[in-house]
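**Student:** Letter by letter, the chains look like this.
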Amino acid sequence: MFGIKQDFICELPKKYYTLSDYEKGVARWCPGCGDHAVLSSVQRLCREEQLPPEKTVFVSGIGCSSRFPHYMNTYGFHGLHGRAFPVACGVKFRRPDLNVFVITGDGDCCSIGAGAWIHAIRYNMDITTIMFDNQIYGMTKKQTSPTSRLGTISNTHPTGSVLPPVNPLQTSLGMSNVSFVAQTADWVPGHLFATIKAAYEHPGFAFIKVIMRCSKFMGPLVEEMTTNRDAISILTHENGIQPDEGTLKAYKHHHVHDPSDINAARELAEDKEVSYLGLFYQNKEALRYDIYGAHNLGFTPEDKIAAVNAQLDKYAV
Amino acid sequence: MKDGNGSLATPSPKISNRLTLKEHILEIVSDSGEGAQKAGQTFGAVSAKMGNGVWTVEIIPADIQPPPRTKESASGIRIRFGSGKITNAGDEADMLVAFNEIVPYTRIDQNAYREGTIVLIENKWGTDESKEIRESYSRAIQDFHDRGFVVYEIPMEEECLKLTPNPKRGKNMWVLGMLSHIYGRDMEKAAAQVGYIFRSKSKAVIDANLQLLQAGYDWARDNLDLCYEVPSPASEEELVVMNGNEALSFGIQAAGIELCSMYPITPATSTSHHLAECIQASGGIIHQAEDEIAAVGFAIGASYSGKTSVTITSGPGIALKTEFLGLAVMAEVPLVVIDVQRGGPSTGLPTKVEQSDLLAVLYGQPGDAPKVVLAPSTIEECFHFVILARKIAESFRMPVILLSDANLATGVQPFPRPQLREEWLAPPVDQSPWKEGAKPYGWDEKTGLSHRPIPGQAGGEYTLTGLAHSEAAKVTYLPEINQKTAALRSLKLATFGRTLKPPQVHGDEEGDLLIVGWGSTRGAIEEAVSRAQEKGLKVSSVHLRFMSPLEPGLKDIFKRFKKVMTVEINYSDSLDDPMITPENRRYAQMAWMLRAHTLVDVDCFSNVYGQPLRPGKILARIQKELDNL
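Those protein sequences? They're chains A and B, same order as listed. The numbers in the working numbering rise by one with no breaks, and the one at position 35 of the first sequence is 35. The numbers in the working numbering rise by one with no breaks, and the one at position 515 of the second sequence is 515.
Honestly, the hints are just simulated from the structure, not real lab data. Wrong hints could be hidden among the right ones.
List of simulated lysine-lysine pairs, DSS-like, C-alpha gap at most 30 Å [what the hints assert, rightly or not]:
(1) B:Lys-474 with A:Lys-24
(2) A:Lys-55 with B:Lys-435
(3) A:Lys-15 with B:Lys-624
(4) B:Lys-22 with B:Lys-484
(5) B:Lys-559 with B:Lys-501
(6) A:Lys-314 with B:Lys-85
(7) B:Lys-71 with B:Lys-131
(8) B:Lys-203 with A:Lys-314
(9) B:Lys-439 with A:Lys-15
(10) A:Lys-24 with B:Lys-484
(11) B:Lys-201 with A:Lys-314
(12) B:Lys-124 with A:Lys-314
(13) B:Lys-435 with A:Lys-24
(14) B:Lys-391 with A:Lys-314
(15) B:Lys-559 with A:Lys-141
(16) B:Lys-535 with B:Lys-563
(17) B:Lys-563 with B:Lys-624
(18) A:Lys-55 with B:Lys-474
(19) A:Lys-314 with B:Lys-22
(20) B:Lys-446 with B:Lys-535
(21) B:Lys-559 with B:Lys-624
(22) B:Lys-617 with B:Lys-535
(23) B:Lys-501 with B:Lys-474
(24) A:Lys-314 with A:Lys-197
(25) B:Lys-446 with A:Lys-14
(26) B:Lys-474 with A:Lys-216
(27) B:Lys-85 with A:Lys-55
(28) A:Lys-197 with B:Lys-538
(29) A:Lys-55 with B:Lys-391
(30) B:Lys-439 with A:Lys-24
(31) B:Lys-474 with B:Lys-435
(32) B:Lys-563 with B:Lys-501
(33) B:Lys-446 with B:Lys-501
(34) B:Lys-617 with B:Lys-563
(35) A:Lys-142 with B:Lys-446
(36) B:Lys-439 with A:Lys-14
(37) A:Lys-24 with A:Lys-55
(38) B:Lys-501 with B:Lys-555
(39) B:Lys-538 with B:Lys-484
Just chain A, with the same shape it has in the complex (with noise of 0.2 Å):
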């Protein structure tokens, strides 16, 4: 073309993915769940950022969110209730050239999973954390979970859940070298995009919690969350996550909010009236464990043999 020769190319260009080289399968949740709304938006930022699918790892435990990996054509990891942490941060440790996502849901994290995940957020490694908030474990029917509302309709709690729910950017935010916490929701597909696309460029572990419909077992409230938007305030900050136009002008509510403000940002996350979407908390500088975890790599047969051989001699006889 153009009288150029190939010969004269020195790279060829590399391959473009299209949205078409991320999607696998047709992904078996309920009509009008949330969650089809983060699989399109994950689709969306992996083409923007034109991830190599073979360097993209997806994890997740297990729940109607964690079968996410397997709608995805990257690597995926669907292992066991409440552990993909532990696997994603050992997936991360020693291959830094690895993207790697978590995707959990408010049992799996914030239940079985508890433990896992405050030291996940503690280990602070470069991972994109997206937890389903649904307030209902879905998968098994029905029962109450840990963000359940108290007073919850449930399998388990025929009369009503008697504790009060877990709130999940409070935790996070009270952990320590908790570097990014955000929160979004599904139905709100600009803010949603523009949130995971923040969180992926975040070097560091970015949590952010997904408040998601369950069109099956949620009942009045999702008509009430979705359409009660005096309920709902945009947080805005030069430093913030940027919402999309169509977001602002839906919700009338905005809040300035600096993230580096972690006091503020505890103060938004407890409040009880207002969901606040946005970022609330953000630090680059938080120090990173998959850092310390990948800064011996490469040693070479000659390397390992010459170390263990002078540990031997210490101990030869």
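Given chain A's structure and the hints, the job is docking chain B onto it.
**Tutor:** For chain B alone, kept in the frame of chain A given last:
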């Protein structure tokens, strides 16, 4: 051993005739914190460096800060050393050094001493301010005499006070000096070893300890008529001396394993301490996880994305890791799991030996979870079996569990220095494009084997799952596929089993009684069997290295003996109990497996005293069995 002929580096002016011993068993027992273990470990290392065969085993107090001068406070060490190879801790001790009169009773309760055992005891308690203590001391001394011990009352504190205002710290080095004279230890080597163990301390501290060492040596020379020689045969073979947990650490590094993910637990943790000191220099790293479950999950994640990793734990940790082990089996993730067994169930006996995790690691998972299980029987095997375990895990794409125990963990023994090889190391992570059309679980129908794609391999993208899945890693609940994939995973064990040889019989290939052992008990069993053979008894033994799959040919071997009996350190019902019948009896763990595997009426001799098995006790049982045959 360039100078390992057992001769004295420091000449002894007063006594020229040393009594030559083939071997001796020495114990040093003090209150927790007085350093008996450090003195004994140093004595053992020096003896090994002189070319003696050595086995040491620690006597560990039950609590962190037990009150002093109590039986609970007893902390110490047993060192069995001799001219030839020593493979176990032996029977009753020949010599005891005691820092007070109470602590020996812990060991007296365990029948650690005999008539004629020499007791060297700190004499300061005889003149203590407290009347109660003075009386306790003299009562004990009388009791020791009554038991037939040969008692020497030693002014340890008094002598140490000449050099240090605080003999509680340093008395152990004085004792080491005293023992060095008694057994003709090479003082140059002893001084070098003391310098090594205090390498992180100041020169002043090292010098003070060396002075105490020399003072103890001189005092024994001038005041004691105990004077032995334990010759060591000249050998050109290069040796290293270490405990089993250190050997595991070396094995991990020599295998090129680059990640050990662990959570602290006794008695496995000292492996991690050693790794923490040196694995970064050999290109690896250690991760201390937030719990046992996360530790194995982290290792599995790292294995999945690259090189096979190791997690190391003890019984309670194995219980917690159970679910992840099932995932590693189901999803075929290579993994090395080291279990340094202790007494169970539950928290059990954290510092004591048991071989009680065998059935738990084999059958702990819900569903069928075939995996390779092997058990080293010596310190040297602790090293080599890790290298083997990594290779099996990689080749067969499954977890491999290595069962060590508290006896091997703290036992110190010299062995030929491994000549490290490049092929022992894990190969670099394959990042070449995945073969087009190949499935992530492209099982070979004849062997069950398949290759795994590793993240970074373009075209190999798949989602690993613990759910039932097809060749393409697709979740499926089709009955035929679940049946077939279970068979393929199981087939891998049969495939691996084909590479194993029948175990070697120690002694004649046929006879009256065959003893079957596994793991750390090999030294004690083979010593007992050899002693029985010397008496003309028709007894032999086999020692199993592989628990899953079992080594082949066992039934053929068993059939050539009138009786087969396992000897194990785990629980079994005693037929002496009136409630227990041959029908309802619960057998020792290996016996249980062998009965099912061979349909031979395998008996067992096992207990859970938490102590290493003694050859004398096994010999007595062999005799009893043969008398009843």
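**Student:** Does each hint fit the structure? Answer for all of them.
**Tutor:** Quick rundown of the hints versus the structure:
1. B:Lys-474 with A:Lys-24: Distance ~11 Å between Lys-474 (chain B) and Lys-24 (chain A) Cα, so the pair holds.
2. A:Lys-55 with B:Lys-435: Within the cut-off at roughly 17 Å; holds.
3. A:Lys-15 with B:Lys-624: violated, 78 Å
4. B:Lys-22 with B:Lys-484: violated, 60 Å
5. B:Lys-559 with B:Lys-501: Status holds; Cα separation ~18 Å.
6. A:Lys-314 with B:Lys-85: Judged against 30 Å, a Cα distance of about 22 Å means the pair holds.
7. B:Lys-71 with B:Lys-131: Measuring from Cα to Cα gives roughly 20 Å; hence the hint holds.
8. B:Lys-203 with A:Lys-314: holds, 20 Å
9. B:Lys-439 with A:Lys-15: holds, 23 Å
10. A:Lys-24 with B:Lys-484: holds, 25 Å
11. B:Lys-201 with A:Lys-314: At roughly 17 Å apart (the allowed maximum being 30 Å), Lys-314 (chain A) and Lys-201 (chain B) satisfy the hint.
12. B:Lys-124 with A:Lys-314: Judged against 30 Å, a Cα distance of about 38 Å means the pair is violated.
13. B:Lys-435 with A:Lys-24: holds, 19 Å
14. B:Lys-391 with A:Lys-314: holds, 27 Å
15. B:Lys-559 with A:Lys-141: violated, 57 Å
16. B:Lys-535 with B:Lys-563: Holds, because 19 Å separates the two Cα atoms, which is no more than 30 Å.
17. B:Lys-563 with B:Lys-624: holds, 13 Å
18. A:Lys-55 with B:Lys-474: holds, 20 Å
19. A:Lys-314 with B:Lys-22: Between Lys-314 (chain A) and Lys-22 (chain B) the Cα gap is close to 28 Å, so the pair holds against 30 Å.
20. B:Lys-446 with B:Lys-535: Judged against 30 Å, a Cα distance of about 50 Å means the pair is violated.
21. B:Lys-559 with B:Lys-624: holds, 21 Å
22. B:Lys-617 with B:Lys-535: holds, 16 Å
23. B:Lys-501 with B:Lys-474: violated, 38 Å
24. A:Lys-314 with A:Lys-197: violated, 52 Å
25. B:Lys-446 with A:Lys-14: violated, 41 Å
26. B:Lys-474 with A:Lys-216: holds, 26 Å
27. B:Lys-85 with A:Lys-55: Distance ~53 Å between Lys-85 (chain B) and Lys-55 (chain A) Cα, so the pair is violated.
28. A:Lys-197 with B:Lys-538: Status violated; Cα separation ~77 Å.
29. A:Lys-55 with B:Lys-391: Given pair Lys-55 (chain A), Lys-391 (chain B) holds - Cα atoms ~26 Å apart, limit 30 Å.
30. B:Lys-439 with A:Lys-24: Satisfied, since the Cα-Cα distance of roughly 16 Å is no more than 30 Å.
31. B:Lys-474 with B:Lys-435: holds, 18 Å
32. B:Lys-563 with B:Lys-501: holds, 23 Å
33. B:Lys-446 with B:Lys-501: holds, 21 Å
34. B:Lys-617 with B:Lys-563: holds, 19 Å
35. A:Lys-142 with B:Lys-446: Violated. Lys-142 (chain A) to Lys-446 (chain B) sits at ~45 Å, over the 30 Å cutoff.
36. B:Lys-439 with A:Lys-14: holds, 25 Å
37. A:Lys-24 with A:Lys-55: holds, 16 Å
38. B:Lys-501 with B:Lys-555: holds, 13 Å
39. B:Lys-538 with B:Lys-484: Distance of about 47 Å is beyond 30 Å: violated.
The earlier numbered hints that this structure contradicts are 3, 4, 12, 15, 20, 23, 24, 25, 27, 28, 35 and 39.
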